[in-house]
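Colleague: For the protein sequence lines, the chains are A and B, in the order given.
Residues 1 to 225 in my numbering are what the first sequence spells out, letter by letter.
Residues 1 to 225 in my numbering are what the second sequence spells out, letter by letter.
I should point out that these hints are in silico values taken from the structure, not numbers from a laboratory.
Owing to the predicted nature of the structure, the values given are computational and were not obtained by experimental measurement.
Beta carbons: idealized from backbone N, C-alpha and C, even for Gly.
A couple of the hints might just be wrong.
If you want the footprint, here are the derived chain B segments under chain A, 3+ residues with CB under 8 angstroms [to be verified]:
| id | region |
| --- | --- |
| 1 | 9-22 |
| 2 | 81-93 |
| 3 | 149-162 |
| 4 | 212-224 |
Some chain A residues judged to face chain B by a derived CB distance under 8 angstroms, without partners named [unchecked claim]:
| id | residue |
| --- | --- |
| 5 | 9 |
| 6 | 45 |
| 7 | 48 |
| 8 | 51 |
| 9 | 56 |
| 10 | 67 |
| 11 | 69 |
| 12 | 86 |
| 13 | 87 |
| 14 | 89 |
| 15 | 94 |
| 16 | 150 |
| 17 | 223 |
| 18 | 225 |
2 protein chains.
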Amino acid sequence: MLPNTPQQGTLADIASHRLAHSIVTGELAQGQKLNEAELAERFGMGRGPLREALRHLEGMRLVKRIPNAGARVVVLDYKTMSDLYEVREALEGMACRIAATRMTDEEINQLSRLLDSHEMQIEQQGGGVYSQSEGDLDFHFQIVRGSRNEMLMDMLGSEQYQLQRMCRYRTSRNAQRTRPALQQHRQIAEALLQRDGELAEILMRRHIQGAWRSISEAIAREQKT
Amino acid sequence: MLPNTPQQGTLADIASHRLAHSIVTGELAQGQKLNEAELAERFGMGRGPLREALRHLEGMRLVKRIPNAGARVVVLDYKTMSDLYEVREALEGMACRIAATRMTDEEINQLSRLLDSHEMQIEQQGGGVYSQSEGDLDFHFQIVRGSRNEMLMDMLGSEQYQLQRMCRYRTSRNAQRTRPALQQHRQIAEALLQRDGELAEILMRRHIQGAWRSISEAIAREQKT
DNA sequence: TTTACATTAATTGTCGACAATCGGAGTCGT
DNA sequence: ACGACTCCGATTGTCGACAATTAATGTAAA
Numbered sequence: 001m002l003p004n005t006p007q008q009g010t011l012a013d014i015a016s017h018r019l020a021h022s023i024v025t026g027e028l029a030q031g032q033k034l035n036e037a038e039l040a041e042r043f044g045m046g047r048g049p050l051r052e053a054l055r056h057l058e059g060m061r062l063v064k065r066i067p068n069a070g071a072r073v074v075v076l077d078y079k080t081m082s083d084l085y086e087v088r089e090a091l092e093g094m095a096c097r098i099a100a101t102r103m104t105d106e107e108i109n110q111l112s113r114l115l116d117s118h119e120m121q122i123e124q125q126g127g128g129v130y131s132q133s134e135g136d137l138d139f140h141f142q143i144v145r146g147s148r149n150e151m152l153m154d155m156l157g158s159e160q161y162q163l164q165r166m167c168r169y170r171t172s173r174n175a176q177r178t179r180p181a182l183q184q185h186r187q188i189a190e191a192l193l194q195r196d197g198e199l200a201e202i203l204m205r206r207h208i209q210g211a212w213r214s215i216s217e218a219i220a221r222e223q224k225t
Numbered sequence: 001m002l003p004n005t006p007q008q009g010t011l012a013d014i015a016s017h018r019l020a021h022s023i024v025t026g027e028l029a030q031g032q033k034l035n036e037a038e039l040a041e042r043f044g045m046g047r048g049p050l051r052e053a054l055r056h057l058e059g060m061r062l063v064k065r066i067p068n069a070g071a072r073v074v075v076l077d078y079k080t081m082s083d084l085y086e087v088r089e090a091l092e093g094m095a096c097r098i099a100a101t102r103m104t105d106e107e108i109n110q111l112s113r114l115l116d117s118h119e120m121q122i123e124q125q126g127g128g129v130y131s132q133s134e135g136d137l138d139f140h141f142q143i144v145r146g147s148r149n150e151m152l153m154d155m156l157g158s159e160q161y162q163l164q165r166m167c168r169y170r171t172s173r174n175a176q177r178t179r180p181a182l183q184q185h186r187q188i189a190e191a192l193l194q195r196d197g198e199l200a201e202i203l204m205r206r207h208i209q210g211a212w213r214s215i216s217e218a219i220a221r222e223q224k225t
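Take the sequences, apply the hints, and build the full model.
Modeller: Okay, here's the thing in structure tokens:
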């Protein structure tokens, strides 16, 4: 997968990955205080590397640091998620537009094959996992890679990718959207194949808007309960 | 100004600001090796805070760290700048679209007054400084603030803002573009006043595309010499 | 009982020293 | 002379201890 955890490198990187995982999966609650000494001991390292890891996670927007008051896990409230999806719409829309002019035919074909495998997965497992699984993220990131824009890849890959996954872990997925989502993916791939960047951008932006609407409604239903 | 340097807070933050300034202004050359011990002594602090500062600057894309090999100032080559402007086009375009629906009338009027002061500045000083000065950035960031999107504000303010300034310090500005740029700003403000988000986005994207074309051509001319 | 203040405990910020790793100078062999 | 190997210096990575700041607790006065 994309930015997975190679258990190697400096201790700060290891701590960063482990903490990111714990935060994304919810093992560490939102807004929870992160005690440096405690975490350092749990990870079997000094406080130095751990502080660097916290600084890194702050850059990824997974924790919020307040001077002389410690670090806390970020709180994914409605406003934050809304902001995230607005940014994603802009960034991935642009990625789509550019990718239409820079991806090779082979890459686009590979994208279609990826969708085929997703469709098979849906048929087999009944369609409840597609939009939830990491497969959806694969599709999106393949297009981002196709834009050949390193900055976009960094932003959407390393940083927002984690917040995105955090969203998914917290919000109950509704399986109704898996088939329309796949259909929209197919339309986007088709637009890319036709080298119609403008259309691809519009479709991607609509796709992300739809995803946000779905999540937004799910949250509303949840809070009404 | 926006993220200015409050000479207070933790040493790591101070080092981060001072280093960022030195990098943006070119005091530290592109690709230059950043020696931890040397910088720590120059700033009169230990290596701990300095390492945290480097981690922070890495998140801002101002330095590139390689494990066990130290940190170097980022190299702003053509590709990197191109990527930056593509991202800016997407982000600021979206900011414009949203700002059209969320800015208050008073904020938009203030935007117009800002442009008035810019025009006066051009009349006085002959028009060579506008696009180069920070005034241009003020206009752009006011709109970003108008989007009410915290993530956009962080991305464009704290992070890309520095790379953007770095671009400006390095590329020779051509004064020919200052008046068209002001005119485009006026059109954008007008679209915001009319609450036409779609138009405002298109205008902003064209504006940034134009700025990139200008810089791109300047670089081409420079390299031909 | 409540509020204000002072003392204390805990946590963050910082420093200096030690260990691990990498790059390069120098040397040896072919 | 060229290449590979070895050793050494320099730099990064890490740790433990100390200082400074914050938050909390308890106490005393209104």
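Colleague: Hint by hint, say whether it matches the structure.
Modeller: The hints, checked one at a time:
1. Against chain A, the region 9-22 of chain B contributes 4 residues with a C-beta closer than 8 angstroms to a partner C-beta. That satisfies the three-residue criterion, and the hint holds.
2. Taking a C-beta to C-beta cut-off of 8 angstroms, the region 81-93 of chain B contributes 8 residues in contact with chain A, enough for the three needed, and the coverage statement holds.
3. With 6 residues bearing a CB less than 8 angstroms from a CB of chain A, the region 149-162 of chain B meets the requirement of three and the coverage assertion stands.
4. Counting residues of the region 212-224 of chain B whose C-beta sits closer than 8 angstroms to any C-beta of chain A gives 0, which falls short of three, so the coverage hint is violated.
5. Look at residue 9 of chain A: its Cβ gets to within about 5 angstroms of chain B, closer than 8 angstroms, so that hint holds up.
6. Because the closest C-beta pair between residue 45 of chain A and chain B is about 14 angstroms apart, greater than 8 angstroms, the hint is violated.
7. Because the beta carbon of residue 48 of chain A sits about 6 angstroms from the nearest beta carbon in chain B, less than 8 angstroms, this interface hint is met.
8. This hint holds: residue 51 of chain A has a C-beta 6 angstroms from the nearest C-beta of chain B, less than the 8 angstroms allowed.
9. The beta carbon of residue 56 of chain A is positioned within 8 angstroms of a beta carbon in chain B (closest approach about 6 angstroms), and the interface hint is therefore held.
10. Hint status for residue 67 of chain A relative to chain B: holds, with the closest Cβ pair at about 5 angstroms, below 8 angstroms.
11. For the restraint placing residue 69 of chain A at the interface with chain B, the shortest Cβ-Cβ distance is roughly 11 angstroms, beyond the 8 angstroms limit, so the hint is violated.
12. Restraint check, residue 86 of chain A versus chain B: the minimum CB separation of about 6 angstroms is within 8 angstroms; hint holds.
13. The beta carbon of residue 87 of chain A is positioned within 8 angstroms of a beta carbon in chain B (closest approach about 5 angstroms), and the interface hint is therefore held.
14. Look at residue 89 of chain A: its Cβ gets to within about 7 angstroms of chain B, closer than 8 angstroms, so that hint holds up.
15. The restraint placing residue 94 of chain A at the interface with chain B holds, with a minimum CB-CB distance near 4 angstroms, inside the 8 angstroms limit.
16. For residue 150 of chain A, the interface hint holds, since its Cβ comes within 8 angstroms of a Cβ in chain B; the closest pair sits about 6 angstroms apart.
17. Restraint check, residue 223 of chain A versus chain B: the minimum CB separation of about 21 angstroms is more than 8 angstroms; hint violated.
18. Because the beta carbon of residue 225 of chain A sits about 28 angstroms from the nearest beta carbon in chain B, more than 8 angstroms, this interface hint is broken.
Comparing the model with each earlier hint shows violations of hints 4, 6, 11, 17, 18; every other hint is respected.
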